[in-house]
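*Asks:* Put chain B on the given structure of chain A with help from the hints.
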Amino acid sequence: MPERISRKSKIKAGKKTEIDLISLAVHQLERPLSAINVSLKMLLEGDFGSVTKEQRHIIRKILERNKAMIFLVNDFFNVEKFGSKGLVYKWTMVDIEKLVGSVVKLAQEEISNKKIRLELEKTRIKMPKIMADEEKIGVAIQNLIDNAVKYTPPGGKIKISYRVKGGEKGSRVEFKVQDYGIGIPEDQKKDLFTKFFRGRNVVKMNIVGSGLGLCIVKSIIEGHRGKVWFKSKDNQGSTFFFTIPVRQKD
Amino acid sequence: MAKNILVIEDDDFFRELLRKKLSLNDFNVLEAVDGEDGIKAVKEKKPDLVILDLLLPNVDGFEVLSQVKIDSAVASIPIIILSNLGQQEDIERGLKMGAIDYLVKSQFDINQVVDKIKNVLEKK
Numbered sequence: 021m022p023e024r025i026s027r028k029s030k031i032k033a034g035k036k037t038e039i040d041l042i043s044l045a046v047h048q049l050e051r052p053l054s055a056i057n058v059s060l061k062m063l064l065e066g067d068f069g070s071v072t073k074e075q076r077h078i079i080r081k082i083l084e085r086n087k088a089m090i091f092l093v094n095d096f097f098n099v100e101k102f103g104s105k106g107l108v109y110k111w112t113m114v115d116i117e118k119l120v121g122s123v124v125k126l127a128q129e130e131i132s133n134k135k136i137r138l139e140l141e142k143t144r145i146k147m148p149k150i151m152a153d154e155e156k157i158g159v160a161i162q163n164l165i166d167n168a169v170k171y172t173p174p175g176g177k178i179k180i181s182y183r184v185k186g187g188e189k190g191s192r193v194e195f196k197v198q199d200y201g202i203g204i205p206e207d208q209k210k211d212l213f214t215k216f217f218r219g220r221n222v223v224k225m226n227i228v229g230s231g232l233g234l235c236i237v238k239s240i241i242e243g244h245r246g247k248v249w250f251k252s253k254d255n256q257g258s259t260f261f262f263t264i265p266v267r268q269k270d
Numbered sequence: 079m080a081k082n083i084l085v086i087e088d089d090d091f092f093r094e095l096l097r098k099k100l101s102l103n104d105f106n107v108l109e110a111v112d113g114e115d116g117i118k119a120v121k122e123k124k125p126d127l128v129i130l131d132l133l134l135p136n137v138d139g140f141e142v143l144s145q146v147k148i149d150s151a152v153a154s155i156p157i158i159i160l161s162n163l164g165q166q167e168d169i170e171r172g173l174k175m176g177a178i179d180y181l182v183k184s185q186f187d188i189n190q191v192v193d194k195i196k197n198v199l200e201k202k
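For the protein sequence lines, the chains are A and B, in the order given.
Using the numbering used here, read the first sequence as starting at 21 and increasing by one per residue.
Using the numbering used here, read the second sequence as starting at 79 and increasing by one per residue.
So that you can see chain A by itself, here it is in the shape it has in the complex (with noise of 0.2 angstroms):
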């Protein structure tokens, strides 16, 4: 795309902009995702022939799935602009169990498509439902198991489990997901969480990726009064947790 590359170019050059490198940046993310709604809508109007039912009902799970994209990406927009303040958090009660099940849905097409052996490994005790921004907590699982899958080889293997923790301080539901994929280099794990931050490793594998997933997984637990944190080993896989307290309703 010569013509990006090479506005790209000028704002690299220093040139002065009304549109800073963020801003351009969720701007560029938010151009697939505008195409994309226009066109779903467009197929279930009609405009491109008639859809069979089976074919509508898909079409609007995809619709869910990419306005849910498109707000992730406003929001972190506004965490830029505004800094954490900037989300705007929707309190329900969420059922842990029920969104882990359809966050892991979405990813079991690459997930089968690498052949990936997913371990789901549930709590015997009913998982409480908490208080949480649904659609957020649900991005952040859904990050961390993307990563996972992305950096695992054909034919590894991810675990992924949750549960109830207590302590002093109260309830904690505690996610987990681990790989034995590539790891993180020892010296790169302090900038893990930072936004844009790709490792040396995966950058040399041409995996793709906006090196933001973790950035945002952080804003969006810490914006749950949570903690994620991981443990890692160079070539061995890494493990990523988070906690978020279990709140009931006011």
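Read the hints as simulated data drawn from the structure, not as lab findings.
Since the model is a prediction, treat every value here as computed from it, not as a measurement.
Just so it is clear, CB atoms sit at the ideal spot from N, CA and C, and this is done for glycine as well.
Be a bit skeptical, because a hint or two may be false.
Some chain A residues close to chain B (C-beta under 8 angstroms, calculated; not the full set) [stated by the list, open to error]:
| # | residue |
| --- | --- |
| 1 | 47 |
| 2 | 54 |
| 3 | 55 |
| 4 | 62 |
| 5 | 63 |
| 6 | 70 |
| 7 | 90 |
*Replies:* Below, chain B without anything else, positioned relative to chain A:
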């Protein structure tokens, strides 16, 4: 006689979607892929209405708007901005520069565009 709508949009897929929708509503669709072509097309073809993206290669949409509005031969052609830029300052700027409407791509319904075009052209 079918009305001519000029679409100035560098994203070929988005252009195709607009072309399809507008054609289904009996508009004749003209296209320009960047700002420079867009200014040329407005001045040469004098469409009945322009749909203008802002993030364009070579010359951006604000410059296109400015160039069209200072040319008395084409200044009265209504322009609807359709852009991913959705911040309040961009919207205010576009409208202040003479666009008759400003739609944000991530939020708009394509049928809205058709309705707005029909309303504007009926009033002309």
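*Asks:* Confirm or reject each hint.
*Replies:* Status of the hints after comparison with the structure:
{"no.": "1", "hint": "47", "result": "4 angstroms, holds"}
{"no.": "2", "hint": "54", "result": "4 angstroms, holds"}
{"no.": "3", "hint": "55", "result": "5 angstroms, holds"}
{"no.": "4", "hint": "62", "result": "6 angstroms, holds"}
{"no.": "5", "hint": "63", "result": "10 angstroms, violated"}
{"no.": "6", "hint": "70", "result": "14 angstroms, violated"}
{"no.": "7", "hint": "90", "result": "5 angstroms, holds"}
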